[in-house]
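Listed below, chain by chain, are the residues.
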Amino acid sequence: MAPDTESKTLQSAKPIELLHSQPSLFFANLQPILLLGTVLFSFKSLVADPVRTLLGLAPTIAIVQAIYCVVCLPSTGDVAAPTTKPGQKKKAGKPGQDIWAKVIPTFLSFTLTIVLSAPLLYIIVILFGAPLTTHHLHTLLFALHLALLTTPHLYYVHGLDAPTWLRLASLQQPIDESYGMSLGACVGAWVGAIPIPLDWDREWQKWPVTVVVGMYAGAVVGKLAGGYLFKGWKIKLA
Amino acid sequence: MDDGEPDSSAADELKNQNKRAAVQFKAQHALVVAFFMLLLVFHALGIYLFCSGFLLSRLVLQDRSQCDAPPAEVQHGYTTGSMDSGCWHPKSFDKAVVILVDALRYDFTVPFQPRPGDEQPHHFHNALPILYETSVEQPNNAFLRPFIADPPTTTLQRLKALTTGTLPTFIDAGSNFAGTAIDEDNLIEQLYKAGRRVVHIGDDTWHSLFPGYFEPNLTKPFDSFNVWDLHTVDNGVNEHLFPLLEPDMQGRWDVIIGHYLGVDHAGHRYGPDHPAMADKLKQMDGIFRQMIDRLDDDTLLVVMGDHGMDVKGDHGGESDDEVEAAVWMYSKRPMFGSRDAESVSPPLTAKERAVGQIDLVPTLAFLLGLPVPFNNLGQPIAEAFLGTNTDFHNLATVSRLTSAQIHRYQDQYARARKLDESTTSTTSLLWRQASIIYEAARKATHSLSTAEAGGVTDAFNAYQAENLRICRSLWARFDLVSMAMGISALIGTFAIIAIYAHGIGADRATITPLLLGWGAAGTAVGAIVGAAVGLIPSLSLIQLSAFGAATGGISATLIGLWPARKILKLPLPRTFWGSLCFLVTLLLCIGFASNSFTIWEDEQLLFILTTFGVLMLASSLGQDLREDRVLGAANSVSFLVATRLSSLSRLCREEQMPNCRSSYYASATSSTSAGWQLSIPILVFAVLPSVIASFFHRTRNYQGIAVIWIGIALRVGLGLIAVFWVLDAADDNGWIPSISESSLKTSRVLLAQSVLALAFAGGYAIFIVASPLLEVKKEEAQPEERAIAPEPLQPGEPIFTSLDDAPQKPKPKLIIFGYANTHGTRYLLLPCAWIMALQLLQKPMGQGTLALCMVSILNVLEIVDAIDQRHSALGPTLLALMGSYYFFKTGHQAALATIQWESAFIPLKTIAYPWSPLFVTLNTFGAQILCVIAVPAISIWKVPPKHPGLLGRIAGAMATHVLFYAAIAVATVVEAAWLRRHLMLYRVFMPRMLLSIIVLLLVEFVGALVALVGVRFSIVSVNEVFGWPGT
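So the protein lines, in turn, are chains A and B. Numbering (our numbering) for the first sequence: 1 to 238. Numbering (our numbering) for the second sequence: 1 to 1031.
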């Protein structure tokens, strides 16, 4: 069972380090506060009118995430990959010269998030048992938020390199701050689904309030845990 | 092994080695099966002990009320003890016709009341107006009241309550299929002893309850369980009942009991909201009109329902729709009255002015001049005794006599059970108060005034009501000692299985004989010791022997592990997948302590299965080999889609309303399938065999007998099943009026029986005799197969000779197609035989989901291979989760009401033992059965033919599978015991507990006797071709 060439790259990966600059450190610590604060601040309206609230929050979250990408993370080209892969077709921008080298990957990351991640996550959320015939907007907006919390920074950092994405999808990428946030958001949303069936008759038990809150809390916890506690860990699926 | 031609002595030696290995395997295999049966015995003992303490029981007193011994002295000179004028009180009627309309719900009898959200009348509304009409137009001749049943609302329990006046206890509920004679005081026996001639016509349950009490010449019993037959019983009752009402026959009987079943059967078959129900109720309406016409002045006519029905037409539980029946009494002479002007006309809903079903007992007893049965707890129905001039005095008298009888019964019961004063003190207080009021009123004036009589009645009724309340709680007596014994046996067995599955670091099959020996010996010794202790009087022999056997067996098995202690480890999860399985099982177990999670179990299982699916997809994507990656990912996606697709099949339980919409049947108020659902069996017929075949194809195992079974027999079987359901729909909807219903039924039953014969006789014959699904080709060219063959092929090995007549000449290259998955595909023939029988017994929607379950099982086999988790807990646990999930998706819930009784009539016309219960079992637990049969395939999927230690692996997988169900059983049993005073005990926790213990026993039974026994044939057949491991 000789591992083929792909599997060699599957095994070699390093956690992503944040950019070492003052604004980067500042914003990396501000981001969880912003995310949690936004959700807690709008919790009441989220319960009252989830669709409108989630729709209204989406641009804010997108901007927070975009700033995070631009300020804190190395874009695909920046990172000195262990073995420079030929697979960086899209955004092989000249490292760090002008602002466009950061804005264009960011823009592409968010485009991919909306056209690729959100629909995919929508399908996955439906598979998990989200209502199929009703609440389409609720589910779609939840998937959008989940996509915003999980994928833009991954696109920004890793590009569209297939082996890397296989590693990311199969949980074999070593944990770092951005990957931890993505995983944390997913686990948080999973845990957030647990209180839904309880017969407490609370307004906040309605779809998708609990999973949204769980997702944001999970993202923040995951980001902190991934950035400090579990940095460099690898999940052993086998 | 040399590649030249082996000489004959070496071949002989090899043959002998193989023979020895085969004998050794067969012996080990038999012991493994026996070990699983021993575990089944442990579980059965634990469950017996727990249930005998948990399921409620009531002490039956043998006392009988005597005609000449009223419970209190009777006032103003009425001479008691006369059968002719009335035992304790003057009788009102000489004769009675008592008509029981099974499942006559109260809202069937009253005019439709529009409510918000329910503005239009349903089929069952306004179809039976006669009862309401007469009660409104002639209130002195007729009255109609809601008639509330005490759950369980099964006919047998109801008949007991309607004749004895006492409360049912859950221990009786299981005996609905084999009713046994009532051995406490009851109306029928009182009538019989008073020399009245009782005629019974209809449901034969009465005859098992009251054997020998009915007039033999006039009585006509009918089989009651053929629920698909709406008319035979009703027409039979009419045919035999109406002649008795003719004047020349009037002298031949005193009481007629007629029991109509059509309404109940229409409910079971179609649900209440169906034209067939309207027709049935209209027919009943006509029958009662005729009866009224033919009634004479001295005869009382009673019409009542024994229970109601839920929205789907089923009953058994305690929802409002199930307990709200109707009672109506009619007399040609004006005899009845009402308390006040407001209560003259019948209540429009069952929520107002309801009477209990046990109230019928004292009412009928006094009206017919009988003593009130000794164990009665009901009170007389006011309307029957108030008379035309609102005679409260009369009502007070009968109320007082009834209460006095209850008081006498209570004294007797307290003495028999040695109860302390505290449990009965509120009742004795109320009894003293009522007696004081009565005495005071009587002393003041010789005859009671209306107001005083009303007060006396109320006081006695208060006593009766409080007493009833106390009795309800009193009879919820749990035997904590027995329950604790059962729980400890279940936990001990759980520990054994956990160690056996995950704590043994060597080949399980070699340790099993040791454990079995110790366990069996311990069980025997324990049983003897327990029996010896049990011989001490005042201790229960059976209980102690059972506990002795369980404790002895379990501890001896654990001792049996001692010699093997070096290879033992703690049975804790050590890998990602093991931890996930552990976590999920633990979460489910904890969830069963909450009624919400128990109610929404189906949705949770979807969530959990999807979690597994997504993670398996992720894991597949991380595989090194491209082939594993693609295969694993494709099957994971298929698994996810199949799971979500089958989640669209829902049958909601009552507690899920209004957040759930059933899709299993045509509508929420029906139990027939919708027209479009007929396309499901046809689709399954067209697609399923090809899908299964494709899994054989992938490793080139679609050869020989597999083509015959999957390509032809399975297709034919599924085709016949589709035809069956088309015929069934044709019968339901009258599509082919030219063919009579009976010939349709005959052809349907024949179809079903031939499918069963094909599945079991044909399927097993093929499974037992089949040789491995291989093809051997002589070829010079390079092999094209993609199959993973970890061992190089060994051309010319002499063992291949047993494959039909493969040439012995070693020269040409032999290519064995299908080598890679010989074991897996060979064994898979067994689930493929069972799927046919299981499909037959499902409703069309269930067939679709069960087919998806089969596809998911195959997906899981491939995924587990692709991500190389053959030896982890993943596969067996996942299959157990799927078994539980598809239980819900085949139209079931953890509630008595969702049992699809009518599935017994798919292959049979009438009830036949033991077949009918067997078919209902196969229908109910089809998913669990299919999944447990698939468990061995996990361990042998794509392993080389000569892989050593397969039996131990299979035993481990089976033990892991059983471990899941055992965990759920332990959790629900402990939680049911813990929550035994919870409001939702009978609605939620107890049904779930019963479900999990039944499933546990069934899965163990099928796992040992179908799956593990099947393993023997498949492994022997493969190794006879390839040689045994180690040779």
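In short, the hints are calculated from the structure, not lab data. By construction, the Cβ of each residue, glycine as well, lies at the ideal position given by its N, Cα and C atoms. Do not take every clue at face value.
Stated by the list, open to error - No farther apart than 30 Å at their CA atoms in a straight line, the calculated lysine-lysine pairs in the DSSO-like style are these:
1. B:LYS160 - B:LYS220
2. B:LYS443 - B:LYS91
3. A:LYS234 - B:LYS220
4. B:LYS566 - A:LYS236
5. B:LYS282 - B:LYS160
6. B:LYS19 - B:LYS745
7. A:LYS236 - B:LYS778
8. B:LYS95 - B:LYS332
9. B:LYS778 - B:LYS745
Unchecked claim - Just some of the chain A residues that point at chain B, by a computed CB distance under 8 Å:
10. SER42
11. PHE43
12. LEU120
13. TYR122
14. ILE124
15. ILE126
16. LEU127
17. PRO163
18. LEU166
19. ALA169
20. SER170
21. ALA193
22. PRO197
23. LEU198
24. ASP201
25. ARG202
Comparing the hints with the structure gives:
1. B:LYS160 - B:LYS220: 20 Å, holds
2. B:LYS443 - B:LYS91: Roughly 26 Å separates the two Cα atoms, so the pair holds.
3. A:LYS234 - B:LYS220: Given that 30 Å is the threshold and the Cα spacing comes to 77 Å, the pair is violated.
4. B:LYS566 - A:LYS236: 28 Å, holds
5. B:LYS282 - B:LYS160: Satisfied, since the Cα-Cα distance of roughly 29 Å is no more than 30 Å.
6. B:LYS19 - B:LYS745: The hint is violated at about 52 Å.
7. A:LYS236 - B:LYS778: 45 Å, violated
8. B:LYS95 - B:LYS332: 12 Å, holds
9. B:LYS778 - B:LYS745: 54 Å, violated
10. SER42: 26 Å, violated
11. PHE43: At about 23 Å, which exceeds the 8 Å cut-off, the nearest Cβ of chain B leaves the hint on PHE43 of chain A violated.
12. LEU120: 11 Å, violated
13. TYR122: 13 Å, violated
14. ILE124: 7 Å, holds
15. ILE126: Holds - the Cβ of ILE126 of chain A comes within 8 Å of chain B, reaching about 7 Å at its closest.
16. LEU127: Holds - the Cβ of LEU127 of chain A comes within 8 Å of chain B, reaching about 5 Å at its closest.
17. PRO163: Since chain B brings no Cβ nearer than about 11 Å to PRO163 of chain A, farther than 8 Å, the hint is violated.
18. LEU166: 5 Å, holds
19. ALA169: 5 Å, holds
20. SER170: Nearest chain B Cβ about 3 Å off; hint holds.
21. ALA193: 6 Å, holds
22. PRO197: Interface hint status for PRO197 of chain A: holds (4 Å vs cutoff 8 Å).
23. LEU198: At 5 Å from the nearest chain B Cβ, LEU198 of chain A passes the 8 Å test, so the hint holds.
24. ASP201: Nearest chain B Cβ about 10 Å off; hint violated.
25. ARG202: 12 Å, violated
This entry does not satisfy hints 3, 6, 7, 9, 10, 11, 12, 13, 17, 24 and 25, going by the numbered hints stated previously.
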